[in-house]
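Undergrad: Sequence:
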Amino acid sequence: MTQYTITELAHEFDVTPRAIRFYEDQGLVAPSREGAGGLKRVFSGRDRTRLRLTLRGKRLGFTLSEIRTLLDLYDSPTDTLPQLQAFLDTVVRHREILERQRADLDATLEDLAQYEMQARELLALADARDAESADVKK
1 MTQYTITELA
11 HEFDVTPRAI
21 RFYEDQGLVA
31 PSREGAGGLK
41 RVFSGRDRTR
51 LRLTLRGKRL
61 GFTLSEIRTL
71 LDLYDSPTDT
81 LPQLQAFLDT
91 VVRHREILER
101 QRADLDATLE
111 DLAQYEMQAR
121 ELLALADARD
131 AESADVKK
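Numbered according to UniProt numbering, the sequence shown terminates at residue 138, and the numbering increases by one at each position without gaps.
Bear in mind the hints are in silico, worked out from the structure with no lab data behind them.
Be aware that a few hints might be false.
Cross-link-like lysine to any residue pairs, in silico, SDA-like; alpha carbons within 25 Å at most [claimed, not checked]:
id, residue 1, residue 2
1, Lys40, Phe13
2, Lys58, Tyr4
3, Lys58, Leu73
4, Lys40, Val15
5, Lys58, Gln85
6, Lys58, Thr7
7, Lys40, Leu53
8, Lys58, Leu98
9, Lys40, Ala10
10, Lys40, Thr7
11, Lys58, Phe87
12, Lys58, Gly45
13, Lys58, Ala86
14, Lys137, Asp127
15, Lys58, Thr90
16, Lys137, Leu122
17, Lys40, Ile6
18, Lys58, Thr16
19, Lys58, Thr108
20, Lys58, Val42
21, Lys58, Asp72
22, Lys58, Thr69
23, Lys58, Ala19
24, Lys58, Glu8
25, Lys58, Arg100
26, Lys58, Asp89
27, Lys58, Ile6
Computed from a prediction, not measured in an experiment: that's the story for all the values here.
Go ahead and model the full structure; you've got the sequences and the hints to work with.
TA: Okay, here's the thing in structure tokens:
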């Protein structure tokens, strides 16, 4: 059975040990403890997978609560209908949020393109006036 230290996982996933400890506090990973006083965290392959899925969920914009729910589903038998329905509900809800955000981003990008075009036109007019003014002074 492969084991990992907090430092190894932090390097592998490019996160701080503090972030991993936070995820532990949130119940997303559950390392065992070794050494004097149980101070050394030892992460299993299961913890590594849960950390990977947690970080992926964060990148996708899931809340820690949603991630915990999905991870708990991952750990449980997958043939139960209520669990599958909960998973589907979470995914659908999150997809709807992302689609609204995408629509907002598209609208913002469209506005920015208009502002950019207007600014370029104003700069071109100013350059033309400056060129005319220089010609008149000659």
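Undergrad: Within 25 Å, alpha carbon to alpha carbon, are Lys58 and Phe87?
TA: holds (16 Å)
Undergrad: Could you grab the alpha-carbon distance between Lys40 and Thr7 and see if it respects the 25 Å cut-off?
TA: Given that 25 Å is the threshold and the Cα spacing comes to 11 Å, the pair holds.
Undergrad: Quick one, are Lys58 and Tyr4 close enough, alpha carbons at most 25 Å?
TA: holds (22 Å)
Undergrad: For a C-alpha distance cap of 25 Å, please report whether Lys58 and Asp89 respect it.
TA: Answer holds: Lys58 to Asp89 is near 18 Å, not above 25 Å.
Undergrad: Against the 25 Å threshold, does the CA-CA distance of Lys137 and Asp127 hold or violate the hint?
TA: Given that 25 Å is the threshold and the Cα spacing comes to 15 Å, the pair holds.
Undergrad: Are Lys58 and Thr108 close enough, with their CA atoms no more than 25 Å apart?
TA: Between Lys58 and Thr108 the Cα gap is close to 24 Å, so the pair holds against 25 Å.
Undergrad: Given the proposed pairing of Lys40 with Ala10, does the C-alpha separation stay at or below 25 Å?
TA: holds (15 Å)
Undergrad: Given the hinted pair Lys58 and Ile6, is their alpha-carbon gap at most 25 Å?
TA: holds (19 Å)
Undergrad: Hey, Lys40 versus Val15, does the alpha-carbon distance stay inside 25 Å?
TA: holds (18 Å)
Undergrad: Measure nothing beyond the straight line between the CA atoms of Lys58 and Thr69; if it is 25 Å or shorter, mark the hint as holding.
TA: holds (13 Å)
Undergrad: Hint check: Lys40 vs Leu53, CA-CA at most 25 Å. Holds or violated?
TA: Judged against 25 Å, a Cα distance of about 23 Å means the pair holds.
Undergrad: Would the hint linking Lys58 and Leu73 be met if the CA-CA limit is 25 Å?
TA: Given that 25 Å is the threshold and the Cα spacing comes to 17 Å, the pair holds.
In the structure shown, no violation is registered for any of the earlier numbered hints.
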